[in-house]
Amino acid sequence: MKVSFLLFMLLMHCNLSREDQIKEECKKQRAFAYQYILPLLDRFSTDSDRARAGTIFAINIEYTNQQCNSEAEKNRYNLRSN
1 MKVSFLLFML LMHCNLSRED QIKEECKKQR AFAYQYILPL LDRFSTDSDR
51 ARAGTIFAIN IEYTNQQCNS EAEKNRYNLR SN
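Here the numbering used here is used: position 11 in the sequence shown is 11, and no number is missing along the way.
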């Protein structure tokens, strides 16, 4: 009984799932998009599309981030291969 409890506690505290790893990648991707891509859109888009380009891209960033986080939650119980 004690061995199974200790094994259970060990598994609870070990970072075996890929969820945290994928969520960290999502954060990096989102930060990169806001830090580098939006200024490029403001600089190089045409005058008529300049106001809309940033807004549309920000919406796409948030949508992609939401998809990435849901994919990370799906991988909660998938074990790492490394």
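Everything labelled a hint here was simulated from the structure, so no lab data went into it.
Small disclaimer: the values here were computed from a predicted structure and weren't measured.
Cβ coordinates follow ideal geometry from the N, Cα and C atoms, glycine included.
Treat the hints loosely; a few may be bogus.
What the hints assert, rightly or not - DEER-style ranges, computed between Cβ atoms:
hint, residue 1, residue 2, range
1, P39, F5, 15 to 23 Å
2, I59, S4, 43 to 51 Å
3, P39, M1, 23 to 31 Å
4, S4, D42, 57 to 65 Å
As the list claims (entries may be wrong) - Straight-line Cα separation of at most 25 Å, SDA-like style, residue types lysine to any residue; simulated pairs:
hint, residue 1, residue 2
5, K27, F57
6, K27, L40
7, K27, V3
8, K27, Y63
9, K23, K74
10, K28, M1
11, K74, D20
12, K74, R52
13, K27, N60
14, K23, N60
15, K74, I61
Consistency of the hints with the structure:
Remark: the range hint 15 to 23 Å for P39 to F5 is contradicted by a beta-carbon distance near 54 Å. Taking the beta carbon of each, I59 and S4 are about 49 Å apart, inside 43 to 51 Å as hinted. For the pair P39 and M1, the beta carbons lie near 60 Å from each other, so the given range of 23 to 31 Å is not met. In this structure the hint that S4 and D42 lie 57 to 65 Å apart at CB holds, the actual value being about 58 Å.
Between K27 and F57 the alpha-carbon distance is near 16 Å, which keeps this suggested pair within the 25 Å criterion. With a C-alpha separation of about 20 Å, the suggested pairing of K27 with L40 holds against the 25 Å cut-off. Restraint check for K27 and V3: the C-alpha separation of about 38 Å exceeds 25 Å, so the hint is violated. Restraint check for K27 and Y63: satisfied, since their Cα atoms lie roughly 13 Å apart, inside the 25 Å limit.
Taken as a hint, the K23 and K74 pair is honoured in the structure, with Cα atoms around 11 Å apart against an allowance of 25 Å. Proximity of K28 to M1 is assessed by CA-CA distance (about 43 Å); at most 25 Å being required, the pair is judged violated. At roughly 11 Å between alpha-carbon atoms, K74 and D20 fall within 25 Å of each other, so this suggested pair holds. At most 25 Å may separate the alpha-carbon atoms for a hinted pair to count; K74 and R52 exceed this at roughly 33 Å.
Taken as a hint, the K27 and N60 pair is honoured in the structure, with Cα atoms around 15 Å apart against an allowance of 25 Å. A hinted pair counts as satisfied when its Cα atoms are at most 25 Å apart, and K23 with N60 qualifies at roughly 17 Å. For a cut-off of 25 Å, the pair hint linking K74 to I61 stands: about 20 Å separates their Cα positions.
Hint check: violations occur at hints 1, 3, 7, 10 and 12; the rest are consistent with the structure.
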